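Note that the protein sequences, when read in sequence, are chains S and F. Residue numbers 0 to 127, in numbering that gives the first Met the number 0, belong to the letters of the first sequence in order. Residue numbers 0 to 301, in numbering that gives the first Met the number 0, belong to the letters of the second sequence in order.
Don't read these hints as lab results, they were simulated from the structure. Predicted model only: the values in this text are computed from it and were never measured. Note that beta-carbon positions come from the ideal geometry of N, C-alpha and C, so glycine has one too. Mixed in with the good hints, there may be bad ones.
Stated by the list, open to error - Cβ-Cβ distance ranges computed for the label pairs, FRET-style:
(1) S:Glu82 to F:Gly299: 51 to 57 Å
(2) F:Glu93 to S:Val18: 18 to 24 Å
(3) F:Arg225 to S:Asp99: 46 to 52 Å
(4) S:Glu15 to F:Asp37: 28 to 34 Å
(5) S:Gly108 to F:Glu159: 37 to 43 Å
(6) S:Glu41 to F:Asp92: 39 to 45 Å
(7) S:Asn24 to F:Asn281: 51 to 57 Å
(8) S:Ser9 to F:Gly122: 30 to 36 Å
(9) S:Asn24 to F:Asp246: 54 to 60 Å
(10) S:Asn24 to F:Asp92: 20 to 26 Å
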Amino acid sequence: MGLLGGDGFSLPVVTETEVVDVQLNFTENAISALKENMAGDEQSHVLVISAQSGGCSGYLYDMKIIEDPGNDGFQRIDIGGIEVLIHNKDSSMLSGINIDFKETLMGGGFQIENPNADRACGCGQSFG
Amino acid sequence: MSPALPKSEYYIRNDAITLIQGSDSLAVLDRLITTRIDDMQDLARRGALFCDYNGRISDLASVFTISGSILLSSAVSECDETRRKLVDGRSWDEDCEIMVADEAIFCISVFPNDFEQVKNIFGVDLEGSPPDILFESDEHLFVKSVTHNGIFFDILVKFENLDNIISSLSKFGFSEMDSIGWNNARILLGLRQMCDSAGRLPDEIGFASLVSKDKGCYPGQEIHARLDSRGRKIKSLCRITGDSPIDLGKHKTDDFGTISITSATYLDGIASAFALIRLEGNSPESIDIKDSNYTIDVMGYP
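With these hints in hand, go ahead and build the complete structure from the sequences.
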């Protein structure tokens, strides 16, 4: 059975994450850029914005355009005809974020400003 | 007189053991620690640090890669917070399960007379084996640790086999070390614990080699990068050794100002301690504390 095959393993006791009703604010530039990236797949694909550990400040933003996962754990927000999904576990960290899009050669792309963050990394991808 | 390593003794470590399973387990852990682990082979061990966003140490860990799973050994005092970081830090689409293994897997540090003794008991030849590589025998994993002051090895054993291992060790004349003996051994070997490291910068504690400067972002990385390029190490963790017992806490000295004793033992007439001393780049050989003289070794890793 090996070392990992025995008894005595248990799940960690972790406080339940607070779930809040998510609100998102996209600028016109961000909506245009999102539509361009969707490339006509709005009916089948969604934008998922999530948070995960890492980065200089503790958490990293992640944005993915994927096929609709059809998962109950998400909150769905319609942004200019595009469905944007936030997982309930990330809702308290991401509700109220402002998303902009900047076209610059260095550090351009989607920019997130998060009113829930106490601190942010210089590159703008990490918060805590 | 120098302190001596224990012989034919073992110590059951009081570490927090966490099992991390799933195809994304390495990625989830890698984002949280200072040390690069994405290049680790199977059946290997590597030291790692968890730091806060200020770059200060919040937990000390050993990472074991075992057949696609990760076993994390870390400080009991910090395990709730470390496990919360792991659980909360998973993305919604990552395959990573966190399990508490405190009651399932134990780590025993063993100080043999020689490695022939180990071969006789467990049938494992660790003498010529490299450090930090895991060897499987029966259902146990063996790993050798080589420090500047000596060699010992750890056995990872599951709860069901703990009594068997202990009786095998006892049969060959090993005795269980108490916490004073362990404290003495770990100070001699340079094994730092959270009492020596909490809230300190890795460089101050001699853990610079546990910070991988090429791995990209992790909590505290911005501070570590800035210290690396512009910083100057003020305090350094040192092992001090002398004849008079030393009390934990702060002490005023004539030559180095206030120093902090973070761990201390007194065994067989020899006092050993870890002390944070404001060396400011100097390499003194001794220090006077309350009319007693102690030799100084600046700690590296391990």
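Hints violated by the structure (listed by number, smallest first)
3, 5, 6
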